[in-house]
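Chemist: Protein chains in written order, with the working numbering: chain A, 1 to 352; chain B, 1 to 352.
Just so you know, not all the hints are guaranteed correct.
If several chains are the same, the list does not tell them apart, and a pair holds so long as it fits within one copy or across any two.
[Claimed, not checked] Listed next, the in silico SDA-like pairs over lysine to any residue satisfying Cα-Cα at most 20 Å (straight line):
#1 167 to 332
#2 75 to 150
#3 313 to 187
#4 227 to 187
#5 125 to 48
The set of hints was computed from the structure by calculation and includes no laboratory data.
Protein chains: 2
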Amino acid sequence: MNENDITVNLAPGSKIDLVDFENLTFGNVFTDHMLICDYKNGVWEKPVIKPYEPFLIDPSAKVFHYGQAIFEGMKAYKDENDDVWLFRPDQNYERFNKSATRLAMPEVPEEVFIGGLKKLVEIEKAWVKKGKGNSLYIRPFMIATGPGVLAAPAVFYRFMIILSPAKSYYSGEVKVLIAEHFSRAANGGIGAAKAAGNYSAQFYPTKLANEQGYQQVIWTDDATHTKLEEAGTMNVFFRINDTLYTAPTSERILDGVTRKSLIEVAKREGINVEVRPVLVSELIEAAENGTLQEVFGAGTAAVVNPIVGFSYKEKYYELPKQENSVALFLKEKLNNIQYKLAEDTFGWTVKI
Amino acid sequence: MNENDITVNLAPGSKIDLVDFENLTFGNVFTDHMLICDYKNGVWEKPVIKPYEPFLIDPSAKVFHYGQAIFEGMKAYKDENDDVWLFRPDQNYERFNKSATRLAMPEVPEEVFIGGLKKLVEIEKAWVKKGKGNSLYIRPFMIATGPGVLAAPAVFYRFMIILSPAKSYYSGEVKVLIAEHFSRAANGGIGAAKAAGNYSAQFYPTKLANEQGYQQVIWTDDATHTKLEEAGTMNVFFRINDTLYTAPTSERILDGVTRKSLIEVAKREGINVEVRPVLVSELIEAAENGTLQEVFGAGTAAVVNPIVGFSYKEKYYELPKQENSVALFLKEKLNNIQYKLAEDTFGWTVKI
Numbered sequence: 001m002n003e004n005d006i007t008v009n010l011a012p013g014s015k016i017d018l019v020d021f022e023n024l025t026f027g028n029v030f031t032d033h034m035l036i037c038d039y040k041n042g043v044w045e046k047p048v049i050k051p052y053e054p055f056l057i058d059p060s061a062k063v064f065h066y067g068q069a070i071f072e073g074m075k076a077y078k079d080e081n082d083d084v085w086l087f088r089p090d091q092n093y094e095r096f097n098k099s100a101t102r103l104a105m106p107e108v109p110e111e112v113f114i115g116g117l118k119k120l121v122e123i124e125k126a127w128v129k130k131g132k133g134n135s136l137y138i139r140p141f142m143i144a145t146g147p148g149v150l151a152a153p154a155v156f157y158r159f160m161i162i163l164s165p166a167k168s169y170y171s172g173e174v175k176v177l178i179a180e181h182f183s184r185a186a187n188g189g190i191g192a193a194k195a196a197g198n199y200s201a202q203f204y205p206t207k208l209a210n211e212q213g214y215q216q217v218i219w220t221d222d223a224t225h226t227k228l229e230e231a232g233t234m235n236v237f238f239r240i241n242d243t244l245y246t247a248p249t250s251e252r253i254l255d256g257v258t259r260k261s262l263i264e265v266a267k268r269e270g271i272n273v274e275v276r277p278v279l280v281s282e283l284i285e286a287a288e289n290g291t292l293q294e295v296f297g298a299g300t301a302a303v304v305n306p307i308v309g310f311s312y313k314e315k316y317y318e319l320p321k322q323e324n325s326v327a328l329f330l331k332e333k334l335n336n337i338q339y340k341l342a343e344d345t346f347g348w349t350v351k352i
Numbered sequence: 001m002n003e004n005d006i007t008v009n010l011a012p013g014s015k016i017d018l019v020d021f022e023n024l025t026f027g028n029v030f031t032d033h034m035l036i037c038d039y040k041n042g043v044w045e046k047p048v049i050k051p052y053e054p055f056l057i058d059p060s061a062k063v064f065h066y067g068q069a070i071f072e073g074m075k076a077y078k079d080e081n082d083d084v085w086l087f088r089p090d091q092n093y094e095r096f097n098k099s100a101t102r103l104a105m106p107e108v109p110e111e112v113f114i115g116g117l118k119k120l121v122e123i124e125k126a127w128v129k130k131g132k133g134n135s136l137y138i139r140p141f142m143i144a145t146g147p148g149v150l151a152a153p154a155v156f157y158r159f160m161i162i163l164s165p166a167k168s169y170y171s172g173e174v175k176v177l178i179a180e181h182f183s184r185a186a187n188g189g190i191g192a193a194k195a196a197g198n199y200s201a202q203f204y205p206t207k208l209a210n211e212q213g214y215q216q217v218i219w220t221d222d223a224t225h226t227k228l229e230e231a232g233t234m235n236v237f238f239r240i241n242d243t244l245y246t247a248p249t250s251e252r253i254l255d256g257v258t259r260k261s262l263i264e265v266a267k268r269e270g271i272n273v274e275v276r277p278v279l280v281s282e283l284i285e286a287a288e289n290g291t292l293q294e295v296f297g298a299g300t301a302a303v304v305n306p307i308v309g310f311s312y313k314e315k316y317y318e319l320p321k322q323e324n325s326v327a328l329f330l331k332e333k334l335n336n337i338q339y340k341l342a343e344d345t346f347g348w349t350v351k352i
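Generate the whole structure from the sequences, applying the supplied hints.
Modeler: In structure tokens:
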């Protein structure tokens, strides 16, 4: 995208000096600028980069009433030469437009999504800190701004990108609860879309899990609750007898970029990976007969998140301590690609 | 609620004279005022009635990213004495707070929800037109205004009420498609909540149905697609052999106020009603052997909406013309209660 195709109104000053980069909590601090691009009368208008600030919206905007809202989560990393890199932005762009279609929203042009975020991140380069664990979290999203309380797709939409400096997502030991009643997605529903509505469904069951001492829920299929699907904001992997298992993506399961990248890295490293439905009963059996080695979540915010134990039908299963954790090995390998500390043999990184 | 507990800032003038009440399309025109009540630090602030206008919101507000948004749909009716009546507002209030709990949002106090809407409708009395078919559609809703892109419930919320003058919802003949693949709700999901996210899931399948000439979809259970559940924005009734059938409410099916009111009216009128799961195969069989008499939707916006035919597995089933339509009979009975043209033996109407 030609840089003249984006209107840029820079903030008079930066708030970066007020930010304590050593003590960030996830997603609370935003950079100086944001990108806005409006869709009106069937046409995407010229994107605008402007100071981050609240914006005006009609009380009847369909995003508030009918949940037309989708997003992506991505990260930018700074290497030792102060260059800033994106990780597989094409994958997020593709998934974003798939989500858009599923929610009857317009597709966003590549020059707005990719071109816009490159330009925005370039302007905010100082917010990307060097060093492993540091990154700039990128949140592209689209909402239905069109007014009216008729239950039908909106006519006006707004695409935005906001940026938040991040350290690693989770801290402490993560214990999970395996869902026996609640679920996150229906067959023929929107579970595969990164739709805002999918997340609101998870908060209450997750709150109940939190109250019992579990940080996350591993969702099971809603019809039988026998298949392990994904965790709150992550796909999930199981290491049993030195093989990694993860559920295939489906209408109910998000096609995670970290998930598929880990599968490729694992294969390159000679680790057995099987993508197939994983039953709760298999997990319990493996935990009981000692073949279950690791369980971990995979997602952009968390990258890789080892799980220390899980609960099912009120029984808690502690995972064995791993001297050679495959989860941490894969995280290291993937991080090395993302931070340009190892050769990117996959061609996944894109320089800003 | 004491009227002094609501701050009222009246608009300098009214736009009512600019509105063509004979040619309203649903949900496009809003009255002069709206109610806003913010929830901060665990406390509901004083509600404010002020001119209807756009409001400022942070780009990271959780409603945009994680879909914490719920609503209700209600109507106010004017009788021949110019008195304005609500219909079973207690039912909407109760359901609203159930939705709130399921989405990990705070409950709204009765004096804010009921007290606020009575005060607001009283101020907007001139917008409620007399005569059957005319009403004031009331849209209470709550959104997560709290900022931050961490996938967790927000800390700040906003409850609002907006009002839109309405004529009858649908026009023309309604044909429906019975869902064979797509679905609106999961077991253990949020289908029973009036959550914004549930509606966004329906737009794309409904668009596909529209393209084939069907105005609505009748959803089936997501696991087997054998049970008839509800239509896009309505519960659904089937009249077979002079008995009315409708699905029981469940985690997947909304507890519609019109649905349950129609059941009570039908029973009072001596009509057989069976609340039980209705199979697609039963409907097809009844259509084929001539015992299927009527299919109709029931909802606040539509009240009662007769369906003229349905399609399943690419076969279209035309419903027989009814000389004595139970759908229209029940609509008349319910409307008479709502418009105070018949005695309200149930005690459902509440005067403003």
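Chemist: For each hint, tell me whether it holds in the structure or not.
Modeler: Here's how the hints hold up against the structure:
Taking identical chains as interchangeable, the C-alpha atoms of residue 167 and residue 332 lie at most 20 Å apart only when both belong to the same chain, with a minimum of 15 Å there against 62 Å between chains. In this homomeric assembly, residue 75 and residue 150 come within 20 Å of each other (Cα to Cα) only across copies, at 14 Å, whereas the closest approach inside a single copy is 37 Å. Taking the shortest alpha-carbon separations for residue 313 and residue 187, only the inter-copy value of 18 Å comes in at or below 20 Å, while the best intra-copy value is 24 Å. In this assembly of identical chains, residue 227 and residue 187 lie within 20 Å of each other by CA distance both inside one copy and across copies; the values are 13 Å within and 14 Å between.
Taking the shortest alpha-carbon separations for residue 125 and residue 48, only the intra-copy value of 18 Å comes in at or below 20 Å, while the best inter-copy value is 42 Å.
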